[in-house]
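Top to bottom, those sequences are chains A, B, C and D.
Residues in the first sequence are numbered consecutively from 1, following this note's numbering.
Residues in the second sequence are numbered consecutively from 1, following this note's numbering.
Residues in the third sequence are numbered consecutively from 1, following this note's numbering.
Residues in the fourth sequence are numbered consecutively from 1, following this note's numbering.
These are computed hints drawn from the structure, not numbers from a lab.
There's no promise every hint is true.
[Said to hold, decoys possible] Think about it this way: if two alpha-carbon atoms lie no more than 25 Å apart in a straight line, the pair counts; the simulated DSS-like pairs of lysine-lysine are:
id : chain 1 : residue 1 : chain 2 : residue 2
1  : B       : Lys197    : A       : Lys254
2  : C       : Lys254    : D       : Lys197
3  : D       : Lys254    : C       : Lys197
4  : B       : Lys254    : A       : Lys197
[As the list claims (entries may be wrong)] Covered stretches of chain B, going by a simulated chain D footprint (3 or more residues, C-beta under 8 Å):
id : region
5  : 23-34
6  : 74-86
The C-beta atom is built at its ideal place from N, Cα and C for all residues, glycine as well.
There are 4 protein chains.
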Amino acid sequence: MPGSTFGTLFAVTNFGESHGPAIGCVIDGCPPGLSLSQADIQIDLNRRRPGTSRHVTQRQEADQVEILSGVFEGKTTGTPIALLIRNTDQRSKDYANLLDTFRPGHADYTYWHKYGLRDPRGGGRSSARLTAPMVAAGAVAKKWLHEHYGTVIHGYMAALGELPIPFEAWEHVERNAFFAPIADVSLLENYMDELRKVGDSCGARINIVADQIPVGLGTPLFDKLDAQIAYAMMGINAVKGVEIGAGFGSVAQKGSTHGDEITPQGFRSNNAGGVLGGISTGQPITVSIAIKPTSSIRSPRHSIDRAGNPVVVETFGRHDPCVGIRATPIAEAMLALVLMEQALWQRAQCADVQISPLFTTSLSNNKTV
Amino acid sequence: MPGSTFGTLFAVTNFGESHGPAIGCVIDGCPPGLSLSQADIQIDLNRRRPGTSRHVTQRQEADQVEILSGVFEGKTTGTPIALLIRNTDQRSKDYANLLDTFRPGHADYTYWHKYGLRDPRGGGRSSARLTAPMVAAGAVAKKWLHEHYGTVIHGYMAALGELPIPFEAWEHVERNAFFAPIADVSLLENYMDELRKVGDSCGARINIVADQIPVGLGTPLFDKLDAQIAYAMMGINAVKGVEIGAGFGSVAQKGSTHGDEITPQGFRSNNAGGVLGGISTGQPITVSIAIKPTSSIRSPRHSIDRAGNPVVVETFGRHDPCVGIRATPIAEAMLALVLMEQALWQRAQCADVQISPLFTTSLSNNKTV
Amino acid sequence: MPGSTFGTLFAVTNFGESHGPAIGCVIDGCPPGLSLSQADIQIDLNRRRPGTSRHVTQRQEADQVEILSGVFEGKTTGTPIALLIRNTDQRSKDYANLLDTFRPGHADYTYWHKYGLRDPRGGGRSSARLTAPMVAAGAVAKKWLHEHYGTVIHGYMAALGELPIPFEAWEHVERNAFFAPIADVSLLENYMDELRKVGDSCGARINIVADQIPVGLGTPLFDKLDAQIAYAMMGINAVKGVEIGAGFGSVAQKGSTHGDEITPQGFRSNNAGGVLGGISTGQPITVSIAIKPTSSIRSPRHSIDRAGNPVVVETFGRHDPCVGIRATPIAEAMLALVLMEQALWQRAQCADVQISPLFTTSLSNNKTV
Amino acid sequence: MPGSTFGTLFAVTNFGESHGPAIGCVIDGCPPGLSLSQADIQIDLNRRRPGTSRHVTQRQEADQVEILSGVFEGKTTGTPIALLIRNTDQRSKDYANLLDTFRPGHADYTYWHKYGLRDPRGGGRSSARLTAPMVAAGAVAKKWLHEHYGTVIHGYMAALGELPIPFEAWEHVERNAFFAPIADVSLLENYMDELRKVGDSCGARINIVADQIPVGLGTPLFDKLDAQIAYAMMGINAVKGVEIGAGFGSVAQKGSTHGDEITPQGFRSNNAGGVLGGISTGQPITVSIAIKPTSSIRSPRHSIDRAGNPVVVETFGRHDPCVGIRATPIAEAMLALVLMEQALWQRAQCADVQISPLFTTSLSNNKTV
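Produce the entire structure from the sequences given, and follow the hints as far as they go.
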């Protein structure tokens with residue numbers, strides 16, 4: 001596919017631009033018989049929605065999803081599920097002057113070279129707004145996975161700029177604007193307020209965990225489960241790094257430490273992050289991603305225009321000062337799409353395999369990634 | 001594809017097991033008219049070959065490649081190029097006792113659950129030996145990319161276990177067994193000798209750089225160039241983390257630092273690692289990967305057998321005490337395959353676009369990633 | 001893909017049901033810079049539209065297309081083009097009684113077995129209404145092919161039920177409701193009027209021709225150009241047979257007759273139908289398809305219900321008494337999509353090949369297929 | 001894929017040329033645990049083998065298959081199965097003079113234009129010899145389908161040139177060189193002897209039937225089961241037409257005749273050929289294909305050389321005077337590959353659907369297609 005379809009068996013085709021009439025996606029291959037309503041999808045869309053706190057973009061979008069097809073009398077029919085989200089708060093004039101300028105850190109320069117033309121309105125296709133349809137599709141995958149395996153996929157912010165965020169408890173995550181697993185987020189709020197004042201932005205680290213995963217998802221090479229996860233995560237706007245399990249920490253580990261020992265009760269540790277040889281172990285799948293600081297900042301930056309002349313760029317308009325703040329539901333959705341895809345592959349090839357699990361899989365409930 | 005084909009337009013299908021009669025691959029979609037001989041491919045296979053120093057596995061394999069199809073009178077014909085490498089130094093008896101045991105850190109447990117049976121000889125399909133065909137295919141991609149764009153893809157070891165390795169110069173890389181960019185590798189040799197003595201293993205960090213990349217490779221979402229690279233890298237055995245450009249360092253950066261400014265002479269920095277909005281900028285593409293310590297070690301480890309009973313595993317046989325040592329040509333090959341694929345996609349969709357580059361792309365010659 | 005995406009490089013993902021809120025498609029991979037407006041697409045949609053004569057279904061649908069994305073200031077941007085067509089004349093109650101019954105010749109029985117449930121409103125997903133988005137996508141492909149190669153794709157009805165239709169001239173085709181290449185269609189009209197009177201239906205044969213095709217499209221095996229065409233044609237509702245060139249007539253031909261001789265001025269005949277070894281010759285591509293009689297007829301038919309009890313089915317509602325009447329623009333569109341796809345593949349792999357054509361390609365202007 | 005891979009879940013990648021060192025394929029995605037030996041594959045390879053009667057090419061090839069991977073202790077492991085067939089009877093000098101000439105009816109002209117160069121030895125990649133690996137892969141699919149559903153796929157010759165062949169009984173098919181379902185093939189033998197005498201060739205019609213097919217295989221659009229079958233069949237060398245069920249006969253049928261009525265005991269007829277709405281009905285799948293006369297004949301034909309000058313071509317060497325004679329096992333194999341693929345898709349998406357068949361499926365045992 002030319003890039004806009006994610007997955008093969010549970011194939012999500014994304015379309016739209018930030019300031020066009022609508023964005024959306026088509027999910028092809030959803031198993032039939034799944035109960036599905038707009039409300040099921042809206043939950044996660046609302047978690048990702050802009051304008052919900054002072055720390056994110058003030059663009060007002062209800063992100064109301066319309067199911068155009070694939071559902072009959074509240075059940076999926078097995079045919080394509082088209083999801084439509086109308087854009088309602090476009091302000092294209094904000095961007096009129098940017099058609100001729102390449103904003104540093106943005107896709108302006110590369111789009112122009114690749115396509116010979118580009119839609120400059122709000123970043124057009126390169127806008128993080130295009131993650132909304134993936135969140136919608138991910139909600140469908142999450143629901144199916146939960147019904148079939150009890151799978152729960154949840155994430156949290158592990159660092160905001162220079163501030164590492166300790167893992168206190170899952171229960172805090174949904175109670176603050178940052179998806180931070182801590183009771184008191186005043187430090188984070190101050191940090192963001194300070195950044196906005198100086199017209200700058202910061203990065204973030206997000207951890208995502210999938211609990212209750214069947215053993216056996218993924219294929220040896222090169223569609224390893226972890227390779228698919230890395231692909232999905234690095235495909236999210238602004239992501240610059242991906243780790244599975246011990247990640248870069250494994251470089252300095254010894255084999256006698258890293259290799260997770262097994263007992264009749266289960267694995268003793270999870271340096272593998274739930275994946276061995278590209279295939280899920282049944283332990284929690286643990287992923288960590290690095291999100292770069294927002295490129296749209298008020299501070300003046302040097303750049304050039306299409307004629308090659310030097311210019312200074314100051315970006316006003318409405319932007320997230322840390323795109324990582326809204327990234328948690330996005331990363332969850334992408335992980336859900338990967339797991340959904342692999343669950344269907346596994347049924348296709350290995351439906352006849354009958355191996356009883358040797359032990360109950362563990363949960364990530366009270367530990368950090 | 002069920003996992004063994006990499007790429008769509010330049011599609012490499014890998015087959016074989018560590019101790020079966022042969023391994024190999026089929027390259028479908030190679031442009032016609034490329035001069036190609038076995039020698040072109042053998043160069044990189046020899047760089048990856050086992051048994052070339054005391055720091056790697058002592059298995060003796062010439063890894064002699066045979067071109068079975070797709071080349072006529074020294075030129076590629078545009079039809080599938082089948083490459084065959086016979087295994088010659090199998091010692092399957094070394095592994096006979098492992099059929100019933102799950103080695104910690106290995107794919108034994110997951111293969112058994114997924115497939116209901118597994119080939120235990122040398123890890124079967126999960127062996128890093130299966131990277132050899134990818135190195136062979138990568139050599140074809142490297143050659144084509146170099147002829148078309150002058151692209152050079154090279155890598156080096158940036159850390160060996162706890163030892164960070166400073167970048168001194170590219171010229172050192174091919175002169176030592178570690179692909180280390182330093183003149184004196186005695187520290188690394190001592191470190192490895194010590195590890196072998198205690199029967200343990202270590203991880204490594206490998207950096208890979210691609211110079212002379214055309215602007216415009218990759219697609220917005222979700223086949224971003226960096227997503228494809230992350231997929232390719234995480235698909236290599238033992239890789240647990242992938243970074244592009246500033247990677248995890250970008251979490252603590254400010255937007256005013258991270259976003260690479262542009263001047264009429266080019267980009268001022270390369271935090272992007274050569275990719276913006278999923279599309280190549282023409283700057284060097286910089287990738288860094290984390291390789292976990294080898295799981296096969298002499299030190300006793302706890303595990304269970306297929307009946308769920310506890311066992312102690314001590315792995316003898318022939319193993320790399322640090323699989324990262326031979327990983328550099330593998331990672332180069334995977335990056336070459338991604339770039340080749342994307343170069344063909346770009347011709348397919350955007351062959352008519354005529355944008356002159358605004359400046360000459362920079363090289364990575366005298367800087368670290 | 002799970003069936004709803006056609007093509008890989010020019011990938012068209014179709015969604016919707018006959019009586020849902022909307023139908024449509026997403027075109028991913030369209031080359032950038034193509035001038036495109038809704039009017040370009042509406043032309044072919046209008047040719048396929050229902051309700052335009054007494055010989056087709058009386059369902060009233062304007063089939064007005066909305067471009068949701070992928071076009072900026074009148075040019076394609078290279079990003080996904082989403083096309084939406086709202087359904088406006090649903091009469092779902094017409095079909096309420098059909099949920100429990102399997103109509104002979106219809107997909108009711110197979111959908112129910114496959115998916116365990118089905119949308120019975122107007123055939124749901126199995127309705128020929130779903131060809132409208134393909135006609136829309138085909139219009140985009142036709143435009144690009146015409147601009148790049150001068151390609152013209154046109155079709156006509158070659159038989160209506162038992163009536164063979166002689167080829168008189170292309171100019172007649174667009175002047176009657178049948179796409180018949182004859183000046184006087186009164187025989188056809190009488191035939192249809194008679195059928196409607198008795199509550200029966202008939203089949204049709206449609207021929208499609210593509211003129212001005214570049215040499216070299218298609219790949220040896222198994223994506224032969226003719227294989228792709230056969231796939232595309234047999235994928236159209238109600239098609240039961242596909243021929244390329246001499247088709248089934250070639251069974252009784254001798255090799256000395258069938259093999260098209262070549263002269264310095266070009267091919268002497270076109271038994272090949274424009275394809276040799278799976279690759280286009282530059283001659284007109286000639287395709288012929290068989291369309292079965294409409295299954296929805298007033299005459300009573302025997303069937304069973306979901307409990308397995310015998311029932312008698314008489315189908316009222318609005319139906320085409322010969323679905324072949326509106327099939328010509330659909331078959332043209334599918335051929336356009338195949339050629340577009342293959343044109344992009346050819347650029348991807350063989351852009352560097354420089355072979356001058358040895359002669360001018362011939363046209364199909366004044367001959368039948 | 002660039003054309004050489006057939007299927008997605010049961011993906012067969014074909015490689016080789018007629019006179020290169022070897023031909024073969026890689027099957028990726030085969031379910032694990034299937035008993036598989038070389039003998040299982042050799043049966044069908046022997047049915048397709050050249051040199052077994054005076055009516056086919058006299059090239060001597062044992063077509064001995066070697067399993068290089070994917071099978072351990074007699075069972076498939078779920079990893080790629082690589083199959084290798086060495087070419088042993090190349091006579092490349094036979095073709096040396098053909099490098100400069102385009103043989104009428106052959107792929108010479110199109111390969112040269114597409115790729116800019118071609119392997120002329122025995123037709124290179126365009127040789128029907130490349131169907132051997134598909135027959136090998138098809139044998140694996142046949143075995144799996146038979147074990148899972150009792151599926152039997154068999155074909156027969158329905159016409160040899162101008163001679164229609166009545167269906168007498170399946171038992172005759174394997175007892176003559178033609179796969180003809182008749183007891184006495186002397187008429188066919190005389191016809192072929194006559195053709196060889198005059199240096200000409202003829203076409204053939206082959207029917208293929210699949211019995212014991214589960215209901216529900218295939219997807220609505222555009223991967224309809226019949227579309228996939230048409231693709232597979234038209235991808236076989238020399239095929240010019242494909243019919244499903246009533247095929248072109250349905251053009252002149254009325255709806256009241258064509259639509260197969262259903263009773264509590266099953267379908268009353270099979271005009272559908274076992275497919276409704278793109279999905280299998282459980283009835284026998286019936287396919288008919290037209291095979292053009294061999295293009296390589298002794299009779300002189302007009303053509304041109306690469307410089308555009310007129311030449312006369314007389315083809316000596318070893319050729320099948322009717323490629324249709326050996327086509328039956330090839331067409332069976334391609335149908336098996338399609339059904340295998342769709343069976344896995346069905347498990348992937350619809351494994352949870354539990355609908356009991358309403359009646360036993362019928363067999364094609366004593367009737368013609």
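Exercise. Within the assertion that chain D covers the region 74-86 of chain B, do at least three residues meet a Cβ-to-Cβ distance smaller than 8 Å?
Worked result: Coverage by chain D holds for the region 74-86 of chain B (8 residues, Cβ < 8 Å).
For this session: Check, residue by residue, whether the region 23-34 of chain B contains three or more positions whose beta-carbon lies closer than 8 Å to a beta-carbon of chain D, and give the verdict.
Result: holds (count 7)
Exercise. Is the straight-line distance between the alpha-carbon of B:Lys254 and that of A:Lys197 25 Å or less?
Worked result: Distance of about 13 Å is within 25 Å: holds.
Problem set entry | Agreement of D:Lys254 and C:Lys197 with the hint, judged by alpha carbon distance not exceeding 25 Å | Cα-Cα ~13 Å, so holds.
For this session: Could you grab the alpha-carbon distance between C:Lys254 and D:Lys197 and see if it respects the 25 Å cut-off?
Result: holds, 13 Å
Problem set entry | Holds or violated: B:Lys197 to A:Lys254, with C-alpha atoms at most 25 Å apart | Within the cut-off at roughly 13 Å; holds.
When each numbered hint is compared with the structure, no violation occurs for any of them.
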